[in-house]
Amino acid sequence: MIRLDKVTKLYRGGHEALREVSLDINPGELIFLTGHSGAGKSTILKLLALIERPTRGQLLVDGRNVGRMPAREIPAYRRQVGMVFQDHKLLDDRPAFDNVALPLIIAGLGRREIEKRVRAALDQVGLLDKERQVPLALSAGEQQRVGIARAVVARPRLLIADEPTGNLDAALSLEIMQVFRRFNEVGVTMVIATHDLALASRISGRHVALDHGRILDDGSGRS
Amino acid sequence: MAGLFTHQLRDALATLGRLSRQPVATFLTVGVIGIALALPAGLQLLVEGGRGLAGSWNDLRDFSVYLKPGTGIDKARELSASIGGHEEILDVRLIEADSALAEFGADPAFGEALRALKENPLPHTLVVRPRPEATPEQLDNLQAELGARPEVDLVQLDTQWLMRLAAILEVLRRGIWIAAVLLVAAVIFIVGNTIRLDIQNRRQEIEVSKLLGATDAFVRRPFLYIGFWYGLLGGLLALLLLGIALLLLQGPLGRLAALYGADFAGFGVGLRTLLGVLGAGVASGCAGAWLAVSRHLSAIEPRV
Numbered sequence: 001m002i003r004l005d006k007v008t009k010l011y012r013g014g015h016e017a018l019r020e021v022s023l024d025i026n027p028g029e030l031i032f033l034t035g036h037s038g039a040g041k042s043t044i045l046k047l048l049a050l051i052e053r054p055t056r057g058q059l060l061v062d063g064r065n066v067g068r069m070p071a072r073e074i075p076a077y078r079r080q081v082g083m084v085f086q087d088h089k090l091l092d093d094r095p096a097f098d099n100v101a102l103p104l105i106i107a108g109l110g111r112r113e114i115e116k117r118v119r120a121a122l123d124q125v126g127l128l129d130k131e132r133q134v135p136l137a138l139s140a141g142e143q144q145r146v147g148i149a150r151a152v153v154a155r156p157r158l159l160i161a162d163e164p165t166g167n168l169d170a171a172l173s174l175e176i177m178q179v180f181r182r183f184n185e186v187g188v189t190m191v192i193a194t195h196d197l198a199l200a201s202r203i204s205g206r207h208v209a210l211d212h213g214r215i216l217d218d219g220s221g222r223s
Numbered sequence: 224m225a226g227l228f229t230h231q232l233r234d235a236l237a238t239l240g241r242l243s244r245q246p247v248a249t250f251l252t253v254g255v256i257g258i259a260l261a262l263p264a265g266l267q268l269l270v271e272g273g274r275g276l277a278g279s280w281n282d283l284r285d286f287s288v289y290l291k292p293g294t295g296i297d298k299a300r301e302l303s304a305s306i307g308g309h310e311e312i313l314d315v316r317l318i319e320a321d322s323a324l325a326e327f328g329a330d331p332a333f334g335e336a337l338r339a340l341k342e343n344p345l346p347h348t349l350v351v352r353p354r355p356e357a358t359p360e361q362l363d364n365l366q367a368e369l370g371a372r373p374e375v376d377l378v379q380l381d382t383q384w385l386m387r388l389a390a391i392l393e394v395l396r397r398g399i400w401i402a403a404v405l406l407v408a409a410v411i412f413i414v415g416n417t418i419r420l421d422i423q424n425r426r427q428e429i430e431v432s433k434l435l436g437a438t439d440a441f442v443r444r445p446f447l448y449i450g451f452w453y454g455l456l457g458g459l460l461a462l463l464l465l466g467i468a469l470l471l472l473q474g475p476l477g478r479l480a481a482l483y484g485a486d487f488a489g490f491g492v493g494l495r496t497l498l499g500v501l502g503a504g505v506a507s508g509c510a511g512a513w514l515a516v517s518r519h520l521s522a523i524e525p526r527v
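Sequences listed follow chains A and B, in order. For what it's worth, the numbering used here labels the leading residue of the first sequence as 1, then goes sequentially. For what it's worth, the numbering used here labels the leading residue of the second sequence as 224, then goes sequentially.
I should point out that these hints are in silico values taken from the structure, not numbers from a laboratory. Do not take every clue at face value.
So the derived list for chain B, only partly shown, Cβ under 10 Å to chain A, looks like this [what the hints assert, rightly or not]:
#1 Pro355
#2 Glu356
#3 Thr358
#4 Pro359
#5 Glu360
#6 Arg372
#7 Gln427
#8 Glu430
#9 Val431
#10 Gly436
#11 Thr438
#12 Phe441
#13 Arg443
#14 Leu447
#15 Glu524
Residues from chain B shown here face chain A by an in silico Cβ test under 10 Å; the list is partial [said to hold, decoys possible]:
#16 Asp330
#17 Glu428
#18 Arg478
#19 Ala481
Derived CB-CB ranges, DEER-like [to be verified]:
#20 B:Leu239 - A:Asp123: 41 to 51 Å
#21 A:Glu16 - B:Leu239: 22 to 32 Å
#22 B:Ala402 - A:Leu136: 46 to 56 Å
#23 A:Met1 - B:Leu498: 41 to 51 Å
Idealized CB from N, CA, C, for every residue including glycine.
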């Protein structure tokens, strides 16, 4: 269980990205954070990944306020969070296999276990035949699928995705969303930020609408 | 524990592989480190060799104490025994006047002239051998002390050139230490700067790794291994350069030593030098890497 309890985030310069936001994320949920640019979607994801810390309020994971977690504990926390980015953040000089293997290498797994899990992840996103290709040799959709494989390969308890279809056309965007949906169906909790309301509406899940740092509708039917 | 060792080994080999994929850049860095380490090590070997040669010229440090004419043989023996107990003297040999005369008389060049003399003109002489560790200053003091004795006519000691040699070697030795410290510092800066550039080039990889949960130690490790490899390879190159230089100098140095009648077993890269050069290389390589990662890695945080 992840809970944002009256979280406010002020950036340097005084910009208020979030204002007393409260949100519960239940295990196995697929949540779409929707809203215009500057609504606070990415800030919530950064808080969930502990790239940023709340200025006020609490970020609770299983009852622990991770918003005050010591810096030395952050790497272990992040290993439980898979991340997918709009620009993929793949290493251009490494083949798809090595990119997907990176979280497992960081986690200290053995070579055989890494090979098994990476191939399984690449198979799940339909790229097993392209494991030796470097990202630049792959299409934008394929690169994003490598990014998804990398995010799920370490079996995270939470997967966050920031505008994962931002650079893709409509057909590819839907395909990527369906990939997310498949992983969610096997129990991965997901929070996906997107400004594409039409796309999000085609996928079943909880839709949380944000505007100017506030939640307009948390999709639970209570707001 | 075995897993940790496996990861360390994998990182060590992976960084070595990465260096081998950039042969020119690696060679240039290793070359600079090798030369920087070889220079002080080579000079140190030469100075140690010089000190060894100077130390082997023990007989040249012997000096003669001529007793006043008329000093009796008993007094000469008594003086010999007395001087022999001095803490800075290793050995004293008494050359009696009659023995000296007989020795000179056997020489055809002097024999006839000496036979023409009515009396033995030669005094009893003490040949004094100082301890090897006695410094030129101590020898000078000894000379003055012996010369002040009433039975002594003259103390003949030629230590000036030894003092100059020792002074030159001391200046060289200190100069080499200063040069060594500066060159090791240069190696640290070279490795540090090379790794700083490497960190900048791999900024994206570092950011992504941290996003995926890599600890600082995980991110730091490959760079420390790069510093280790630079230092080790630089040390090995320095030893190679030293070996070649000493091989080229072996002949001339041997001939120079022979001219002074000194023992010359040849300079060589002994175990101490080998470990010293490799140790200095690895230590300075790791230190440079540590400085670079401490300074620059913490500044890289994930941005999304």
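Query raised in the report: How about Thr358 of chain B: closest beta carbon in chain A under 10 Å, or not?
Result: Violated - the Cβ of Thr358 of chain B stays beyond 10 Å from chain A, reaching only about 57 Å at its closest.
Requested in this report: Using Cβ atoms only, decide whether Val431 of chain B comes closer than 10 Å to chain A, and label the hint accordingly.
Outcome: holds, 5 Å
Query raised in the report: Minimum Cβ distance from Gln427 of chain B to chain A below 10 Å?
Result: holds, 7 Å
Query - Given hint Glu356 of chain B near chain A, where the shortest CB pair must fall under 10 Å - result: violated, 56 Å
**Report entry** Hint check: 10 Å Cβ-Cβ cutoff, Arg478 of chain B to chain A
**Finding:** violated, 57 Å
Report task. Can you let me know if the beta-carbon spacing of Glu16 of chain A and Leu239 of chain B is within 22 to 32 Å? Result -> At roughly 50 Å between Cβ atoms, Leu239 of chain B and Glu16 of chain A fall outside 22 to 32 Å, so the hint is violated.
Query raised in the report: With 10 Å as the cut and Cβ atoms as the points, is Thr438 of chain B at the interface with chain A?
Result: holds, 4 Å
Query raised in the report: Does Pro359 of chain B pass the interface check with chain A, least Cβ-Cβ distance below 10 Å?
Result: Pro359 of chain B check fails; min Cβ-Cβ to chain A is 61 Å, beyond 10 Å.
Query raised in the report: Regarding Ala402 of chain B and Leu136 of chain A, is the given constraint of 46 to 56 Å on their beta-carbon distance met?
Result: holds, 49 Å
**Report entry** Per-residue hint verdict: Arg372 of chain B, partner chain A, C-beta under 10 Å
**Finding:** Arg372 of chain B check fails; min Cβ-Cβ to chain A is 77 Å, beyond 10 Å.
Query raised in the report: Going by Cβ atoms only, is Pro355 of chain B closer than 10 Å to chain A?
Result: Cβ of Pro355 of chain B sits 59 Å from chain A, so the hint is violated.
Query raised in the report: Can we keep the Gly436 of chain B interface hint, with Cβ of chain A closer than 10 Å?
Result: holds, 3 Å
In summary, the numbered hints that this structure violates are 1, 2, 3, 4, 5, 6, 13, 14, 16, 18, 19, 20, 21 and 23.
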